[in-house]
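Asks: Here is what each chain is made of, one letter per residue.
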Amino acid sequence: MRPALEYLRQLERYLLGQPTAAEAEAWRVRQLVDGELAADVATQQLLYQGLQLAGRQQLRQELELIHARLERPARRHTWWQSATGPLRSLLAARRKSS
Amino acid sequence: METTAALRQALLADRERTLTHLYQHTFPMVRRYVQQHGGTAQDAKDVFHDALITFYEKVVGETLVLSASASTYLVAVCRNLWRQELSRRTRQPLVSLADEHAEVAEAELAEQPVLAVLEQVERLGERCKDILLAFYYFQQPLEQIAATHQYRTVRSATVQKFKCLERLRNSVRALVSTVTA
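Residue numbers (this note's numbering), protein chains in the order written: chain B, 2 to 99; chain V, 9 to 189.
Any given hint might turn out to be false.
[Stated by the list, open to error] Here are the in silico distance ranges between beta carbons for each label pair:
(1) B/Arg61 / V/Gln92: 36 to 42 Å
(2) B/Arg95 / V/Tyr41: 44 to 50 Å
(3) V/Thr161 / B/Gly18: 19 to 25 Å
(4) B/Thr21 / V/Pro121: 28 to 34 Å
(5) B/Ala39 / V/Gln120: 19 to 25 Å
[Stated by the list, open to error] What the simulated footprint calls covered on chain V by chain B, stretch by stretch (three residues with Cβ under 8 Å from a Cβ of chain B suffice, anywhere in the stretch; the number is not a length):
(6) 16-30
(7) 36-46
(8) 70-84
(9) 137-147
[Claimed, not checked] Heads up, simulated SDA-like pairs for lysine to any residue below, C-alpha to C-alpha not over 25 Å straight-line:
(10) V/Lys66 / B/Leu47
(11) V/Lys53 / B/Leu47
(12) V/Lys66 / V/Asp22
(13) V/Lys137 / B/Leu16
(14) V/Lys137 / B/Gln11
Calculated directly from the structure, the hints in this document are not laboratory data. None of these values were measured; they are calculated from a predicted model. We put the beta carbon where it would ideally sit given N, CA and C, even for glycine.
Whole structure, please, built from the sequences with the hints as guidance.
Replies: Here it is as structure tokens:
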């Protein structure tokens with residue numbers, strides 16, 4: 002992985018992983034002395050928040066689709082039932098009369 | 009009753025099917041309750057979707073352990089949400105749930121930086137958007153993401169994920185610097 006991507010991975014480990022208390026403290030100190038690192042951490046946090054919002058939005062859209070599919074009025078007859086309906090009525094009438 | 013771990017696995021493996029199954033079994037009960045307590049079918053849907061989103065996040069994030077069936081849990085959450093909504097409507101009689109969502113959207117608008125990210129996510133292109141949301145929101149394992157997007161190794165999928173994150177970061181930074189310039 003190229004260095005720029007490796008850097009993002011390190012930031013991710015710190016932000017989304019489970020750093021030990023000592024690691025977290027070391028990161029905190031590094032951010033205090035390195036303003037650029039602090040800004041990068043803030044940006045990455047912002048990206049995660051945005052992705053959370055985007056994901057929630059997508060899930061809501063998926064639920065809307067499921068709702069629309071399930072709540073669509075059920076068709077009373079399948080094409081097969083419609084096509085054979087008259088024949089089935091005729092057979093039922095014959096059974097009754099016999 | 010299926011365990012929370014089994015439900016989590018099912019949600020990760022086939023989200024649409026699992027949510028559809030939950031929907032079919034639970035929504036009629038929620039709708040009945042809301043309609044019997046002064047709400048409409050639309051209110052029921054809004055409440056149910058809010059509950060399902062939180063439920064999904066908690067189950068895949070492993071911050072919820074179910075002691076009853078998923079349907080029982082969801083109905084209980086929806087009842088609480090609807091009671092809260094009813095009491096809110098008593099205080100603000102002219103604001104509906106839909107209006108409330110609009111208010112939330114306006115409140116979100118105030119949080120411009122996050123919305124800028126949201127806008128840039130939509131511009132990433134399908135592949136990058138899918139990979140980032142699958143990993144960071146839907147919490148799918150990288151093995152699954154690699155298989156879905158036909159990467160030969162998990163490492164390739166990991167590299168691609170960070171490339172997509174870098175693209176998002178660069179576009180957000182460019183946008184922020186344009187706004188602040």
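Asks: Against each hint, give a clear statement of whether it holds in the structure.
Replies: Hint-by-hint comparison with the structure:
no. : hint                           : in the structure
1   : B/Arg61 / V/Gln92: 36 to 42 Å  : violated, 19 Å
2   : B/Arg95 / V/Tyr41: 44 to 50 Å  : holds, 48 Å
3   : V/Thr161 / B/Gly18: 19 to 25 Å : holds, 21 Å
4   : B/Thr21 / V/Pro121: 28 to 34 Å : holds, 30 Å
5   : B/Ala39 / V/Gln120: 19 to 25 Å : holds, 20 Å
6   : 16-30                          : holds (count 4)
7   : 36-46                          : violated (count 0)
8   : 70-84                          : violated (count 0)
9   : 137-147                        : holds (count 6)
10  : V/Lys66 / B/Leu47              : holds, 21 Å
11  : V/Lys53 / B/Leu47              : violated, 30 Å
12  : V/Lys66 / V/Asp22              : holds, 17 Å
13  : V/Lys137 / B/Leu16             : holds, 21 Å
14  : V/Lys137 / B/Gln11             : holds, 21 Å
The structure shown violates the earlier hints numbered 1, 7, 8, 11.
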